[in-house]
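Protein chains: 2
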Amino acid sequence: MSHIYTHDKSREQFLRAAKVIPSGIYGHQGPAEGCYVPVDAFPLFSQRAQGSYFWDVDGNRYIDYMCAYGPNILGYNDPDVDAAAAAQRKLGDCVTAPNTKMIDFAELLVDTVHCADWAFFAKNGNDVTTLAIMAARAYTHRKKIIFFKGYYHGISPWTQKIDYAGVIEEDVMHNIYVDWNNYEQLAEVFAKHKDEIACVIAQPYMHGNFMDNELPQPDFWQKVRQLCTEHDTVLVIDDVRAGFRLDLAGSDHYFGFEADLICFCKALANGYNVSALCGKNFLKNTISSMSYTGSYWLSAVPFAAGIACIEKMKRLNIPQLLIEKGNILKQGLLDAGSKYGFDLHVSGAPSLFYLRIADDPTLMLHQEWIAECVRRGVFFTNHHNHFINAALSEEDIAQTIAIAEEAFALLRKRHPQE
Amino acid sequence: MSHIYTHDKSREQFLRAAKVIPSGIYGHQGPAEGCYVPVDAFPLFSQRAQGSYFWDVDGNRYIDYMCAYGPNILGYNDPDVDAAAAAQRKLGDCVTAPNTKMIDFAELLVDTVHCADWAFFAKNGNDVTTLAIMAARAYTHRKKIIFFKGYYHGISPWTQKIDYAGVIEEDVMHNIYVDWNNYEQLAEVFAKHKDEIACVIAQPYMHGNFMDNELPQPDFWQKVRQLCTEHDTVLVIDDVRAGFRLDLAGSDHYFGFEADLICFCKALANGYNVSALCGKNFLKNTISSMSYTGSYWLSAVPFAAGIACIEKMKRLNIPQLLIEKGNILKQGLLDAGSKYGFDLHVSGAPSLFYLRIADDPTLMLHQEWIAECVRRGVFFTNHHNHFINAALSEEDIAQTIAIAEEAFALLRKRHPQE
Numbered sequence: 000m001s002h003i004y005t006h007d008k009s010r011e012q013f014l015r016a017a018k019v020i021p022s023g024i025y026g027h028q029g030p031a032e033g034c035y036v037p038v039d040a041f042p043l044f045s046q047r048a049q050g051s052y053f054w055d056v057d058g059n060r061y062i063d064y065m066c067a068y069g070p071n072i073l074g075y076n077d078p079d080v081d082a083a084a085a086a087q088r089k090l091g092d093c094v095t096a097p098n099t100k101m102i103d104f105a106e107l108l109v110d111t112v113h114c115a116d117w118a119f120f121a122k123n124g125n126d127v128t129t130l131a132i133m134a135a136r137a138y139t140h141r142k143k144i145i146f147f148k149g150y151y152h153g154i155s156p157w158t159q160k161i162d163y164a165g166v167i168e169e170d171v172m173h174n175i176y177v178d179w180n181n182y183e184q185l186a187e188v189f190a191k192h193k194d195e196i197a198c199v200i201a202q203p204y205m206h207g208n209f210m211d212n213e214l215p216q217p218d219f220w221q222k223v224r225q226l227c228t229e230h231d232t233v234l235v236i237d238d239v240r241a242g243f244r245l246d247l248a249g250s251d252h253y254f255g256f257e258a259d260l261i262c263f264c265k266a267l268a269n270g271y272n273v274s275a276l277c278g279k280n281f282l283k284n285t286i287s288s289m290s291y292t293g294s295y296w297l298s299a300v301p302f303a304a305g306i307a308c309i310e311k312m313k314r315l316n317i318p319q320l321l322i323e324k325g326n327i328l329k330q331g332l333l334d335a336g337s338k339y340g341f342d343l344h345v346s347g348a349p350s351l352f353y354l355r356i357a358d359d360p361t362l363m364l365h366q367e368w369i370a371e372c373v374r375r376g377v378f379f380t381n382h383h384n385h386f387i388n389a390a391l392s393e394e395d396i397a398q399t400i401a402i403a404e405e406a407f408a409l410l411r412k413r414h415p416q417e
Numbered sequence: 000m001s002h003i004y005t006h007d008k009s010r011e012q013f014l015r016a017a018k019v020i021p022s023g024i025y026g027h028q029g030p031a032e033g034c035y036v037p038v039d040a041f042p043l044f045s046q047r048a049q050g051s052y053f054w055d056v057d058g059n060r061y062i063d064y065m066c067a068y069g070p071n072i073l074g075y076n077d078p079d080v081d082a083a084a085a086a087q088r089k090l091g092d093c094v095t096a097p098n099t100k101m102i103d104f105a106e107l108l109v110d111t112v113h114c115a116d117w118a119f120f121a122k123n124g125n126d127v128t129t130l131a132i133m134a135a136r137a138y139t140h141r142k143k144i145i146f147f148k149g150y151y152h153g154i155s156p157w158t159q160k161i162d163y164a165g166v167i168e169e170d171v172m173h174n175i176y177v178d179w180n181n182y183e184q185l186a187e188v189f190a191k192h193k194d195e196i197a198c199v200i201a202q203p204y205m206h207g208n209f210m211d212n213e214l215p216q217p218d219f220w221q222k223v224r225q226l227c228t229e230h231d232t233v234l235v236i237d238d239v240r241a242g243f244r245l246d247l248a249g250s251d252h253y254f255g256f257e258a259d260l261i262c263f264c265k266a267l268a269n270g271y272n273v274s275a276l277c278g279k280n281f282l283k284n285t286i287s288s289m290s291y292t293g294s295y296w297l298s299a300v301p302f303a304a305g306i307a308c309i310e311k312m313k314r315l316n317i318p319q320l321l322i323e324k325g326n327i328l329k330q331g332l333l334d335a336g337s338k339y340g341f342d343l344h345v346s347g348a349p350s351l352f353y354l355r356i357a358d359d360p361t362l363m364l365h366q367e368w369i370a371e372c373v374r375r376g377v378f379f380t381n382h383h384n385h386f387i388n389a390a391l392s393e394e395d396i397a398q399t400i401a402i403a404e405e406a407f408a409l410l411r412k413r414h415p416q417e
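Chains A and B, in that order, are what the protein sequence lines are. The numbering of the first sequence is numbering that gives the first Met the number 0, which starts it at 0 and goes up by one. The numbering of the second sequence is numbering that gives the first Met the number 0, which starts it at 0 and goes up by one.
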């Protein structure tokens, strides 16, 4: 039997945090978002991290399947990436004139990413999704944007929902929402709004929260690509979350089509702070004509880290490695669930798997299972996809499956089959 | 006579950059923005930086008065800030659960910044100006935003101009623009749009580009503050550029009033990548209710750097130190100009001084003078305020004045007085 973790120091620190920080911890890493329920099962503050693990402030170690919500792809504190970053830091980071590491990084992305003729760097995924839709509007002289329901493209007003705090109707009045994988519906929207659609923005597959993740149907992307081309509409792929966990050449390449603009962040530099928009040559002058910058955008340390990260990802063929690890874990979890009569659904790409126990539409059974895994040192969350990193070992996976099985067994004891 | 710098390697690298990066170098650090003319006088890429200097790729050393456009406040590679950051990096930076350094940093800002009851961290100045206006709209249930002409609050659509590429009319249709220091005009706008104005957003004084910088008139801010209070309008101070170079308690405190929300970035962590929104308690729940986050926002290294930076700024009383250095430089530049009959205007705060030779409305004479300073190792730019950092020595200032005088002498030789 596993040792059961408690989180007294996390609770204490959260009370401190709540006094001086709105929500205490905000965003996807905070308890308010709904991925961390029941709250008392989860640690709230980390003390340190290394490889595939992090330790919380109560001294508990977790096998980490969230990877800081994506950035940790090679393992925390990867020695190659950290060495490249440290060497650059000695020379300079945020300096009045940029370092040529920026050019090296752009050249490497152009060599690596299939649709990339150029690269533009910023700091958040949101910076580059916003640049993408502004560029599409500037290039097409049109206003409308098509989204797939279940999307997430950041936190700027244009991409939030009308009922979210701080959003006004003018922010989102040109947004059109269609169902994922429904080509006919999309084609109807194009027919209805001929010459009005600036861009389609989409994740490479539907990896939304609170829903089983859904891969594209065969030929879906090829038909969408053709529709966009026929209507001179810019096709934007938001690869912030999935990027480099499916294909180093871009997730569009993985699914056999070519985006006009593609957005990267997260895994781009193993946690160093950088994002990138890459795109086709026909949009380069448009980007050049725009007023778009930020205080730290040309800092050299994240460029050095990004170069080291991409070179290592190429050397190790990271997407294949992560998919293999994910497949082993997936099979182990399915077997463990089935042993105790639970209908576990594992959806999405294996390197970004989404979990749901399908036996209970209230989600309570699923949340109970996740909580028992977390209390034993496997950091899953309830209603968000997970992330695999390269430091995750066979032993980590075996231990994860053993703990998952223990949690299933406990659940079955509490909820006997009729 | 000074050695005259050339920039062959910068040109070579720029040709490389232009192939794979839109504009080659974009934003305020790029030659396209208009601050770097004549382009051939300026270096485009740096090789390293230390203290008050950076070296370009041709090996030229510059006394740097742009400070990476603000972030460098203590000197490049400050040993105390870098040591705190390196210690945190060994433990972890971007981790699934945040580090308690986030709480320490928030508590320190609440202790330091006069109007701060809480702090919220992000990555760009733009992240926090956008959060501020969204929070004001959410709190007031109003749409209109008042700006002062000449403002810069980032690059989100809501804050760009209607004629900028990628901006649509709906982005800016609730924006109202008034003249800086014109209280009567502001009061008229409030009277006309009663119960419609969500917020006033403003820099603490007018430090816009291509204009002499202008401090607030006596009582201007006190009257604006009162007007906002009477109309339940949120007063947002954008202290991204001026922050910590006037007053560690906030530039609102320097000018004797209290903002409802204040935005920091740049000098907050001496170049480490973090921004902050601080504000009053009555807006804390509104911020908590918003959906606002990003991939690297809870990373611990910039928090550790920010703590070390603020503690050192307090220890050294940095604003006073920078204002003193700025005043010595200002007097030296004025004397040097006047010796050769040039009417140099030095405006704004001495720690953020703006330069203009007033003898020539075409600006060509000014650009010629700046170019001759840059060619001799003093990095000024043409139409943007400058920044003083704490590593700038008496010798640096003396050398700067000597070079400025040499440039004035050359200018007078080329353009004899009639």
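No lab work stands behind these hints, which were simulated from the structure alone. Keep in mind that a hint or two might mislead.
Same chains, same label: a pair holds when it works inside one copy or across any pair of copies.
Below, a list of computed lysine to aspartate or glutamate pairs in the EDC-like style, where the Cα atoms sit at most 16 Å apart [as the list claims (entries may be wrong)]:
{"#": "1", "residue 1": "K18", "residue 2": "D110"}
{"#": "2", "residue 1": "K18", "residue 2": "E183"}
{"#": "3", "residue 1": "K143", "residue 2": "E169"}
{"#": "4", "residue 1": "K148", "residue 2": "E417"}
{"#": "5", "residue 1": "K8", "residue 2": "D334"}
{"#": "6", "residue 1": "K283", "residue 2": "D342"}
{"#": "7", "residue 1": "K283", "residue 2": "E229"}
{"#": "8", "residue 1": "K18", "residue 2": "D103"}
{"#": "9", "residue 1": "K311", "residue 2": "D110"}
{"#": "10", "residue 1": "K222", "residue 2": "E106"}
{"#": "11", "residue 1": "K143", "residue 2": "D39"}
{"#": "12", "residue 1": "K329", "residue 2": "D359"}
{"#": "13", "residue 1": "K193", "residue 2": "D342"}
{"#": "14", "residue 1": "K18", "residue 2": "D116"}
{"#": "15", "residue 1": "K143", "residue 2": "E168"}
{"#": "16", "residue 1": "K193", "residue 2": "D358"}
{"#": "17", "residue 1": "K142", "residue 2": "D395"}
{"#": "18", "residue 1": "K142", "residue 2": "E169"}
{"#": "19", "residue 1": "K142", "residue 2": "E168"}
{"#": "20", "residue 1": "K142", "residue 2": "D162"}
{"#": "21", "residue 1": "K338", "residue 2": "E405"}
{"#": "22", "residue 1": "K18", "residue 2": "E106"}
{"#": "23", "residue 1": "K18", "residue 2": "D211"}
{"#": "24", "residue 1": "K311", "residue 2": "E229"}
{"#": "25", "residue 1": "K222", "residue 2": "D246"}
Since this is a predicted model, take the numbers as computed values, not measurements.
Here's how the hints hold up against the structure:
no. : hint          : in the structure
1   : K18 <-> D110  : between (48 Å within a copy, 13 Å between copies)
2   : K18 <-> E183  : neither (51 Å within a copy, 39 Å between copies)
3   : K143 <-> E169 : both (12 Å within a copy, 12 Å between copies)
4   : K148 <-> E417 : neither (37 Å within a copy, 72 Å between copies)
5   : K8 <-> D334   : neither (35 Å within a copy, 61 Å between copies)
6   : K283 <-> D342 : neither (49 Å within a copy, 42 Å between copies)
7   : K283 <-> E229 : neither (20 Å within a copy, 48 Å between copies)
8   : K18 <-> D103  : between (44 Å within a copy, 12 Å between copies)
9   : K311 <-> D110 : within (15 Å within a copy, 43 Å between copies)
10  : K222 <-> E106 : neither (31 Å within a copy, 53 Å between copies)
11  : K143 <-> D39  : neither (44 Å within a copy, 42 Å between copies)
12  : K329 <-> D359 : neither (20 Å within a copy, 72 Å between copies)
13  : K193 <-> D342 : neither (45 Å within a copy, 59 Å between copies)
14  : K18 <-> D116  : between (48 Å within a copy, 9 Å between copies)
15  : K143 <-> E168 : both (14 Å within a copy, 13 Å between copies)
16  : K193 <-> D358 : neither (44 Å within a copy, 55 Å between copies)
17  : K142 <-> D395 : neither (49 Å within a copy, 52 Å between copies)
18  : K142 <-> E169 : both (12 Å within a copy, 10 Å between copies)
19  : K142 <-> E168 : both (14 Å within a copy, 10 Å between copies)
20  : K142 <-> D162 : between (21 Å within a copy, 15 Å between copies)
21  : K338 <-> E405 : within (11 Å within a copy, 85 Å between copies)
22  : K18 <-> E106  : between (46 Å within a copy, 9 Å between copies)
23  : K18 <-> D211  : neither (36 Å within a copy, 42 Å between copies)
24  : K311 <-> E229 : neither (39 Å within a copy, 59 Å between copies)
25  : K222 <-> D246 : neither (21 Å within a copy, 58 Å between copies)
In terms of the numbered hints stated before, the structure departs from hints 2, 4, 5, 6, 7, 10, 11, 12, 13, 16, 17, 23, 24, 25, listed from lowest to highest.
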